[in-house]
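Engineer: Build the full structure now, drawing on both the sequences and the hints.
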Amino acid sequence: MSASQAEGYAQTPIVFIALQTNDESRRIIDAIEADNPHAKVNAFPAMVKIDAPGRIVVRRESIEERLGRAFDLRELQLHLISLSGNIDESDDEFVLHWRTA
Amino acid sequence: MTTNKSSNIAKAPRKLSLKENYALMTRDLGWQPSYQSVDKIFPHDHFEGIKIHNWEGWEDPFRLTMDAYWKYQGEKERKLYAIIDAFQQNNGQFNVTDARYINTLKLFLTGVSPLEYAAHRGFAIAGRAFRGVGPRVACQMQAIDELRHVQTQIHTISHYNKFFNGLHDFKHMHDRVWYLSVPKSYFDDAMSAGPFEFITAISFSFEYVLTNLLFMPFMSGAAFNGDMATVTFGFSAQSDESRHMTLGLEVVKFILEQDPDNVPIVQKWLDKWFWRGYRLLTLVAMMMDYMLPKRVMSWAEAWEIYFEQNGGSLFRDLERYGIRMPKYHEVATKEKNRLSHEAWATFYNYTAATDFHTWVPSSQEMNWLSEKYPETFDRYYRPRFEFWRERQQQGKRFYNPTLPMLCQTCQIPMIFTEPDDPTKICYRETEYRGEKFHFCSDGCKDIFCDEPEKYVQAWLPVHQIYQGNCFLPDADPTAPGFNPLAEVLRYYNLNVGHDNGDYADSPDRRNWEQWTGRPGAPVEEEEVGKAA
Amino acid sequence: MSVIAAVPDYRGEMLDRQEKFHGKQLLYIGWEDHLMYCAPLCIPVDPQTPFGALPKEIIPNLYAEHPDVGLIDWDKVQWFRSGQPFDPDFAASVLDNGLGHKAIVRFRTPGLAGIQGSCS
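Protein chains in written order, with this note's numbering: chain L, 1 to 101; chain A, 1 to 532; chain R, 1 to 120.
No wet-lab data here; the hints were simulated from the structure. One or more of the hints may lead you astray.
Unchecked claim - In silico DSS-like cross-links for lysine-lysine, where the CA-CA straight-line distance does not exceed 27 Å:
#1 A:Lys268 / A:Lys454
#2 A:Lys436 / R:Lys24
#3 R:Lys20 / A:Lys445
#4 A:Lys454 / R:Lys20
#5 A:Lys454 / R:Lys24
#6 R:Lys24 / A:Lys445
#7 A:Lys51 / A:Lys40
#8 A:Lys396 / R:Lys20
#9 L:Lys40 / A:Lys19
#10 A:Lys51 / A:Lys454
#11 L:Lys40 / A:Lys327
#12 A:Lys327 / A:Lys424
#13 A:Lys51 / A:Lys268
#14 A:Lys436 / A:Lys454
#15 A:Lys171 / A:Lys396
#16 A:Lys424 / A:Lys336
#17 R:Lys56 / R:Lys76
#18 A:Lys454 / A:Lys327
#19 A:Lys334 / R:Lys20
#20 A:Lys76 / A:Lys171
#21 R:Lys76 / A:Lys424
#22 A:Lys334 / A:Lys268
#23 A:Lys336 / A:Lys294
#24 L:Lys40 / A:Lys294
#25 A:Lys424 / R:Lys56
#26 A:Lys19 / A:Lys253
#27 A:Lys445 / A:Lys334
Said to hold, decoys possible - Sample of chain A residues with no beta-carbon within 10 Å of chain L, all distances over it, derived:
#28 Leu29
#29 Lys79
#30 Arg131
#31 Ala504
Even for Gly, the Cβ is constructed at its ideal location relative to N, Cα and C.
Structural biologist: Here it is in structure tokens:
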């Protein structure tokens, strides 16, 4: 990472969510990408890490549209690898955020 | 039956929302005792000085309840074991890059898996100690998670044990082998503290701040090196880890919000456990830079992403409680370009007494290290490795036969250098009750000086060997020709000539080449030239 | 408070008191600017060992594999006790030189800076 990149990150604290790569998570990642245009999707071996300044929202409806079935946000647990940020979870949304952002 | 069915639907209760479900399945499980006082039932949740006025202030952001917990955990297990079966049936152990990679698994099984078990115990103990229902349920789930982790790791790695050396007695070794006192004492330190310190140490400082540096590189490294089994148990465990991390952040916020007097206590723990955890990660640093035949990223890069960037965001979020970055974080950042080199050189020195192999990096690997560490590798470390390679080619592989001086706190040999000078060993010392104590850093010295009565009890492997406590009962130190090193290795249950020593002439390498027909290590360019 | 404990006046057992070392004491030895031997070394010694045995036998044996060990000019060596420079009395014991149980003695060999000057 370059110094200017590091500086940019330091200005707005970033949150992230990392998911295993598999058939189901591909749709979840798609949904997160669509709902968070400010986020950056980084691919690593067997894992995808999504970084965004300030906030990431994971929406149940967006995932259901892509999976074509009902989805309980707690199913995220099956694919999650790691995350960073305060969590706010309801039936419809799973939000990661820093309050300083 | 159709009529019945429709009437059932009419009577079916409204589906509970996540929040209602959580309230019923968690808070509702508590009760007010009638014939014992609450203080007597929970005697251990106030001696640390932490003041809690309202246990209801606890929030579990995942709102995971036991019913959902079993459902999802069951599913994770089914997926995992299906893959492990397939891995075994397809001889997946031979699909890894080369047999050097297996040494990371040896390090993991002896150094990390027993900590999962210790965490299982620790969370069971902490859960029992808290009087609030929310944290008790969260601790209970985590205790079960940790047991699952150690079991899946043992199951997965046991398959490698059929083919490779050094994996046969990890629990015994964890309690005895010199370098394993580093992870063991780290967890013993946390478990022998009070419940609030334990949970701050493990859930927050380790899981939230540092665990990404352990699991992400390990598992990405496994994926990159073709080890499907380890990737699978790793990610299966890691999915629980997200919940644990969240618990960690929640714990710290909860304690800080309860009383301003809690702030300095928590800050002290954050300082201590950041440093303890960082020192422990020395093992991961060398794994990333030296032990993975195919590297994912360097330790320094991982430190930048997972600590400087993510950790920085986290601590900015906590500023409003009066919490600052952990003390000596800047020292850790100064050390990022030397940590892995100092560590690997240490294991190269003492690999006669380890359950895994070490080796001099190949020329291509040294070039990678030069590129990743332009300020340090060629200047300080390459000459050392090239000299060792030369000696090895002359049949005089260097082994350090004398035991090292250890740090009283982290128990790592005194290998670390001054924050501002990579050529000078960092020496710190103090006197307590008329005896000298030595440390590798200001961080470790501060921890000792804050609670000397705890750390004077450290079981330092080097001192224990010299006291004569690391021999089997049938060993006789007075017998003629007594060989103390051989006796210590027997006490470790190390199979000499198989488990230990350089990788170059190890049975692991020979077997690998025989079984797979592939080289056991990168072929050096000059050798290629010779062959042509 | 010297420890936060659930019971009052908690005291820990000192695990490395000198009497546990069968009549010997521990001595730590560090060679400045020479990190090929990755850490200072720890050896048990008789407290009456003359200090002169260090340069004469003990140190050359401990660092036998280092290419600089044969090049040391012992007359020029600088000695440090707990990091402070001192002039040892070579005929006196290590103990009488102020190096008791768990003392650290370091030495600097001017002109020698390890493998290719890398402080290895």
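Engineer: Please go over all the hints and tell whether each is borne out by the structure.
Structural biologist: Quick rundown of the hints versus the structure:
1. Taken as a hint, the A:Lys268 and A:Lys454 pair is honoured in the structure, with Cα atoms around 16 Å apart against an allowance of 27 Å.
2. In summary, the hint linking A:Lys436 to R:Lys24 is supported, as the alpha carbons are separated by about 16 Å, within the 27 Å threshold.
3. Restraint check: the Cα-Cα separation between R:Lys20 and A:Lys445 comes to about 24 Å, which is no more than 27 Å; the hinted pair holds.
4. Straight-line distance between C-alpha atoms of A:Lys454 and R:Lys20 comes to about 19 Å, which keeps the hinted pair within the 27 Å bound.
5. Using a Cα cut-off of 27 Å, the hinted pair A:Lys454 and R:Lys24 holds, with the two alpha carbons roughly 25 Å apart.
6. Note on R:Lys24 and A:Lys445: the hinted pairing holds, with a Cα-Cα distance of about 26 Å set against a maximum of 27 Å.
7. A C-alpha spacing of about 17 Å is found between A:Lys51 and A:Lys40, which places the hinted pair at or below 27 Å, so the restraint holds.
8. At roughly 36 Å between alpha-carbon atoms, A:Lys396 and R:Lys20 are farther apart than 27 Å, so this suggested pair is violated.
9. About 31 Å separates the Cα atoms of L:Lys40 and A:Lys19, which puts this hinted pair outside 27 Å; it is violated.
10. Pair hint A:Lys51 plus A:Lys454 holds up; C-alpha atoms about 23 Å apart against a cutoff of 27 Å.
11. For a cut-off of 27 Å, the pair hint linking L:Lys40 to A:Lys327 is broken: about 31 Å separates their Cα positions.
12. With a C-alpha separation of about 22 Å, the suggested pair A:Lys327 and A:Lys424 falls inside the 27 Å cut-off, and the hint holds.
13. With a C-alpha separation of about 16 Å, the suggested pairing of A:Lys51 with A:Lys268 holds against the 27 Å cut-off.
14. In summary, the hint linking A:Lys436 to A:Lys454 is supported, as the alpha carbons are separated by about 15 Å, within the 27 Å threshold.
15. Pair hint A:Lys171 plus A:Lys396 does not hold up; C-alpha atoms about 33 Å apart against a cutoff of 27 Å.
16. Restraint check: the Cα-Cα separation between A:Lys424 and A:Lys336 comes to about 16 Å, which is no more than 27 Å; the hinted pair holds.
17. About 14 Å separates the Cα atoms of R:Lys56 and R:Lys76, which keeps this hinted pair within 27 Å; it holds.
18. A threshold of 27 Å between alpha carbons decides the hint, and for A:Lys454 with A:Lys327 the separation of about 21 Å falls inside it, so the pair holds.
19. Taken as a hint, the A:Lys334 and R:Lys20 pair is broken in the structure, with Cα atoms around 39 Å apart against an allowance of 27 Å.
20. Of the pairs offered as hints, the one joining A:Lys76 and A:Lys171 holds, with about 26 Å between alpha carbons and a cut-off of 27 Å not exceeded.
21. Distance check on the hinted pair: R:Lys76 and A:Lys424 sit about 20 Å apart at the alpha-carbon level, within 27 Å; holds.
22. With a CA separation close to 22 Å, the supplied pair A:Lys334 and A:Lys268 stays within the 27 Å bound.
23. As the CA atoms of A:Lys336 and A:Lys294 are separated by approximately 20 Å, the hinted pair is consistent with the 27 Å bound.
24. For a cut-off of 27 Å, the pair hint linking L:Lys40 to A:Lys294 stands: about 25 Å separates their Cα positions.
25. A threshold of 27 Å between alpha carbons decides the hint, and for A:Lys424 with R:Lys56 the separation of about 25 Å falls inside it, so the pair holds.
26. Restraint check for A:Lys19 and A:Lys253: the C-alpha separation of about 20 Å stays at or below 27 Å, so the hint holds.
27. A threshold of 27 Å between alpha carbons decides the hint, and for A:Lys445 with A:Lys334 the separation of about 18 Å falls inside it, so the pair holds.
28. Listed as a non-interface residue, A:Leu29 keeps its Cβ farther than 10 Å from every Cβ of chain L; the least gap is roughly 19 Å.
29. With a cut of 10 Å on Cβ distances, A:Lys79 falls inside the contact zone with chain L, its closest approach being about 8 Å.
30. With a least beta-carbon separation of about 25 Å from chain L, A:Arg131 lies farther than 10 Å from that chain, consistent with its non-interface assignment.
31. Even its closest Cβ contact with chain L, about 28 Å, leaves A:Ala504 beyond 10 Å, as expected for a residue assigned away from the interface.
In terms of the numbered hints stated before, the structure departs from hints 8, 9, 11, 15, 19, 29, listed from lowest to highest.
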